[in-house]
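**Student:** According to this note's numbering, the sequence shown is numbered sequentially starting from 167.
FYI, nobody ran anything at the bench for these hints, they're computed from the structure. Model, not experiment: these values are computed from the prediction. Glycine included, each C-beta is placed from N, C-alpha and C at the ideal position. Check before you lean on any hint, since a few could be wrong.
To be verified - Here are the simulated lysine to aspartate or glutamate pairs, EDC-like style, with alpha carbons at most 16 Å apart:
(1) K857 to E783
(2) K857 to E874
(3) K451 to D482
(4) K669 to E961
(5) K857 to D833
(6) K451 to E485
(7) K857 to E817
(8) K304 to D275
(9) K669 to D603
Said to hold, decoys possible - Cβ-Cβ distance ranges computed for the label pairs, FRET-style:
(10) T1100 to G423: 38 to 46 Å
(11) D719 to E877: 49 to 57 Å
(12) T318 to A610: 19 to 27 Å
(13) G316 to R975: 34 to 42 Å
(14) G973 to R198: 21 to 29 Å
(15) G316 to R755: 56 to 64 Å
(16) S885 to R755: 53 to 61 Å
(17) D603 to K451: 52 to 60 Å
(18) R544 to D603: 43 to 51 Å
(19) T620 to F1095: 20 to 28 Å
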Amino acid sequence: MHAPENAVAVIGVALRVPGAADPDTFWADVARGHVALPGVLPNGTLGVGGIDRVDRFDAELFGMSPTQAAVTDPQQRVITEVAWQALEDAGVDTERDPGRVGVFLGCGDSGYRHHYVDADPTLVRAAGRQQISLGNDKDYLATSLAFRLGLTGPALTLQTACSTSLVAVHVALRSLLTYECDLAIAGGVTVQLPPGAGYTYQEGDVLSPDGRCRPFTRGSRGTVPASGAGVVVLRRAEEAGRGARAVLLGSAVNNDGADRMSLVAPSPRGQAAVLEEALAVAGRKPADIGFIETHGTATELGDQVELAALAQAYGDAAEPCALGAVKAGIGHTDTAAGVVGLIKAVLAVQHGVIPPIPAQPGDGPDAPLGADRFHLPREAMPWPDGRTRYAAVSSFGLGGTNAHVILAEPAVAAGPPEPPAGPPGRGPAVLSAASPDALGRTAAGLAAAVRQGTRPVNDVLGTLWHGRRRLPYRWACPIEAADGVSARAALADALESASVQAKALPEPAVAVLLPGQGVALAGTGRGLLAADDAFAREWAGTRALVRACGGPDLEGCWTWPDDDPRWLRTDVVQPLLFSVELALLHGLRRHGVTPSVLLGHSVGELVAATWAGVFSEADGARAVVERGRLMSRAPAGAMAAVLTGENTARELAAGLPVDVCAVNSPDTVVLGGAAEHVAEVERRCAAAGVKVRRLATAHAFHSRSMAEAAEAFTEVVGSLSLHAPRLLVLSNVTGVPLDAVQATDPAYWGRQLGTTVRFAQGVQVLLDAAPHLVLEAGPGRTFASQLRRATRGAEHRPVIAELLGDGNRDEATVHLAALGAAWTAGCATDDLVARPAAPARVPGIAFADTRHWPAAGPDGTPEQDAASGGAPSEGTAATSVPETVPARSGQEEPGAGDVPDDAETRSLLAALWQESFGGPAIRPQDNFFELGGTSLQAAQLISVVNDQLLVEVRLQDLYEHSTFGDFAARVDEILGERDDAELLELLAEIEGQGEEEEGQA
167 MHAPENAVAV IGVALRVPGA ADPDTFWADV ARGHVALPGV LPNGTLGVGG
217 IDRVDRFDAE LFGMSPTQAA VTDPQQRVIT EVAWQALEDA GVDTERDPGR
267 VGVFLGCGDS GYRHHYVDAD PTLVRAAGRQ QISLGNDKDY LATSLAFRLG
317 LTGPALTLQT ACSTSLVAVH VALRSLLTYE CDLAIAGGVT VQLPPGAGYT
367 YQEGDVLSPD GRCRPFTRGS RGTVPASGAG VVVLRRAEEA GRGARAVLLG
417 SAVNNDGADR MSLVAPSPRG QAAVLEEALA VAGRKPADIG FIETHGTATE
467 LGDQVELAAL AQAYGDAAEP CALGAVKAGI GHTDTAAGVV GLIKAVLAVQ
517 HGVIPPIPAQ PGDGPDAPLG ADRFHLPREA MPWPDGRTRY AAVSSFGLGG
567 TNAHVILAEP AVAAGPPEPP AGPPGRGPAV LSAASPDALG RTAAGLAAAV
617 RQGTRPVNDV LGTLWHGRRR LPYRWACPIE AADGVSARAA LADALESASV
667 QAKALPEPAV AVLLPGQGVA LAGTGRGLLA ADDAFAREWA GTRALVRACG
717 GPDLEGCWTW PDDDPRWLRT DVVQPLLFSV ELALLHGLRR HGVTPSVLLG
767 HSVGELVAAT WAGVFSEADG ARAVVERGRL MSRAPAGAMA AVLTGENTAR
817 ELAAGLPVDV CAVNSPDTVV LGGAAEHVAE VERRCAAAGV KVRRLATAHA
867 FHSRSMAEAA EAFTEVVGSL SLHAPRLLVL SNVTGVPLDA VQATDPAYWG
917 RQLGTTVRFA QGVQVLLDAA PHLVLEAGPG RTFASQLRRA TRGAEHRPVI
967 AELLGDGNRD EATVHLAALG AAWTAGCATD DLVARPAAPA RVPGIAFADT
1017 RHWPAAGPDG TPEQDAASGG APSEGTAATS VPETVPARSG QEEPGAGDVP
1067 DDAETRSLLA ALWQESFGGP AIRPQDNFFE LGGTSLQAAQ LISVVNDQLL
1117 VEVRLQDLYE HSTFGDFAAR VDEILGERDD AELLELLAEI EGQGEEEEGQ
1167 A
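Working from the sequences, and respecting the hints, build out all of it.
**Tutor:** Structural data, given as structure tokens:
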């Protein structure tokens, strides 16, 4: 089928229900008729359906402090994580997806604030009443998610009891179809507290007497309460592409009104009306529908009324229609029930399977279903051949608000799917997370899924690039393989060893190294030309610049053999270096990588100056062509790299007409002169045990033999238009930044040709600037390797990568690795991987397994991990007062008659900051706002500090002294200005008045 007008696609789903925390596990349980309810508990009570991670939460991922997380209702925390998973399932990063995202959610009443938060006075003091309200009132469920994820569409919390989440879907559909939003998150959550507890059956109750839920069977007497959460991600069908799991064709919502016995009684007429209206909106007939996911609570009256409504709306058709009831397997998830039923129906039409209602021991015979076409499948069955897969979902709220949705199998796009771009497994694999540990866990889960999966690796790479939120801690690795099987193995292997390579910054400083003559050039560019059409065009353009000003014809230079004599011709090699390095800089700009520091070696400095605007590109090409021509006419000579310091190198060359041509590092110096004199230096080095290596050059560059070339080059540059550099370029002559006077002085460029290249000094200045990323934009890895050695053991170590070759891998892979490194540093690189036709549904973020729960139980006494039913897991405790802060309960706090000294004051302040945030111990340099502090939190902290120390610290004091050390010093200053004697006298007077009033009473 094709998507009809006004259809909305379900592009992502996620849920957390008894027995399952992901759609695949849930569907497997549903399809095999699994019952996840606990039944009778060991203590004789009847079990409530429970879910994972009620007391766990990834606070760091969502920008919350441990204290904030501990005061936040688990329902908010669960729906936040489930919404994140649904967006990952949809392959959508809302930060990069165009358009507005709406949020439509509802939740139950967990009692978390009353029973847990308010019972912990330390936590209440730390968080304050307003923050506690934000974390627990239903009003803030949708808006808090919109804030956490940065969503700007409508954010509505809806409450209609059991039908809440399906009503939320209905409202989301309307919002999408009226273009209030372009993507919608809809669903609901209920968490039953305390976790693990049971219930006791009472005669006449709506709850089951045996802990089992048996919809539409004779003698069924009630439902089973359960925790659960579900979210669907919706997009207008015409914009969904091939990523849809199903399409929603229409929906309706109404209320039973007064046509019933009481507020909580259902009405068959009201329910039938909403079913009929949804069918009309969807443009479908009852006969089209092959599966209905019912409300199906297993209450006697509820089932009878629902079957009557179904018979009225759907019963006249002849085609068979199966009835489903997800509550039989997982219980009644209350406000989440509707969306969970919808997700079940979505998976059914997607997979083409009609799922069963589980048969359970103790079931009575099936109840009369009201129409011959209805049947209760007890085993999974394929959807009838030749019949379009249409389904419907009902959800009826206590209080009378009814919802019904019509859906169908995913729409099919016209034409065959486009084949994946590029080889079967080529591109960067990327991961990011909120912490290094989270990245490692995520990589491990993804590796296992990739190794066992069947999706094309390019789809996985595209999903990781386009469909995942970009978080600070990052990893990237190029994947290159000849076929799908080896690509899958390569990706899994890379993921199994993945670890954080860099912490991304919003605007990372990028430095680029530009090599000079002397590097191996044979074959340069061949691999990248074959893999990157854009680079091929860019290099063709820079080669054309060289040719236009009378330079050599470089066409096909990447095919020249190693022994081609042109590799020794300066008038060829220097223009070649200029062309390829300038093309690489263009490629960086195309990919969104913007250098802020450039360090070139010899002719590389002219490339740097051209990119920085000192020369136009045409003038830069002319300057390099003339420079190479002039230098090639100099007397023949030789050069050797001596692996020692500059002073020792000069001693080895003493008495010889040999010059220091370059100081490349503290232990690598290049000497140059006539061939026989360089040979003598080599003999002296051998005698002294100093390593030396002859360079493949025909001249002694940057030596006295270049004097005439330098003079002539000065005249050449004098004929060009020169400008101050727009970027930081490090000078070879001085080793420090090139200033405007030098850059626009032709004589400088003459000196640069004939004097020592102070590259080592330039490297040190570059490192002192603390760049986050350093790229070598040229053949080989000489200078990148040098930089790695120089930064070994340093406190600040930039990410270092080569753009064109590392001696081991092919150019395209190395280039991809460098662009991946730029991404890990935080560069806003463009799309390095094609967007998949449909997202690969592979594991997403592995949430932190950190416990966030008040220290006090429902009766106010300390509780041992009540939410998880046992002792706290090792290494995961994160309660309101972290273990790093000594508990002060029962200790006398500063107050009347107690004036703390400076040390006591600082200790108290540290404890109060610790209570406010939770997490690691507070340090003097910790900044309140960088820790995630909010204005509400600041106001609460100031109130508590003033109450504890009897001072008048202002909010402005915290804003102006936001590190803990500065704030503590400011409080000490305020305390020093206080007249303690007067204060104590006033306190004594107040106490005396109190005693007098008590006596009078």
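**Student:** Give a verdict on every hint.
**Tutor:** Hint by hint, here is what the structure shows:
Our distance criterion of 16 Å between C-alpha atoms is broken by K857 and E783, whose separation comes to about 40 Å. A C-alpha spacing of about 32 Å is found between K857 and E874, which places the hinted pair above 16 Å, so the restraint is violated. With a CA separation close to 10 Å, the supplied pair K451 and D482 stays within the 16 Å bound. Distance restraint check for K669 and E961: the Cα-Cα separation of roughly 14 Å lies within the 16 Å cut-off, and the hinted pair is therefore satisfied.
Under the criterion of a C-alpha separation no larger than 16 Å, the hint pairing K857 with D833 is consistent with the structure, at around 11 Å. At most 16 Å may separate the alpha-carbon atoms for a hinted pair to count; K451 and E485 meet this at roughly 11 Å. For the suggested pair K857 and E817, the alpha carbons sit about 15 Å apart, so the restraint of at most 16 Å is met. Of the supplied pair hints, the one linking K304 and D275 holds, its CA atoms being roughly 8 Å apart against a limit of 16 Å.
Proposed proximity of K669 and D603 is supported: the alpha carbons are some 13 Å apart, at most 16 Å. Hint check: T1100 to G423, Cβ distance near 44 Å, so the stated range 38 to 46 Å holds. Between D719 and E877 the beta carbons are some 29 Å apart, a value that contradicts the proposed interval 49 to 57 Å. One distance hint, 19 to 27 Å for the beta-carbon pair T318 and A610, is violated here, with the actual separation near 34 Å.
A beta carbon spacing of about 38 Å between G316 and R975 agrees with the range 34 to 42 Å that was offered as a hint. A hinted range of 21 to 29 Å is violated for the C-beta pair G973 and R198, which are about 54 Å apart. Look at G316 against R755: about 28 Å separates their beta carbons, and that is not inside 56 to 64 Å. Look at S885 against R755: about 28 Å separates their beta carbons, and that is not inside 53 to 61 Å.
Between D603 and K451 the CB atoms are about 55 Å apart, so this pair conforms to the stated range of 52 to 60 Å. A hinted range of 43 to 51 Å for the beta carbons of R544 and D603 is consistent with their spacing of about 45 Å. In this structure, T620 and F1095 break the distance hint of 20 to 28 Å, their C-beta atoms being roughly 48 Å apart.
The structure fails to meet hints 1, 2, 11, 12, 14, 15, 16, 19 from the earlier list, while all remaining hints are met.
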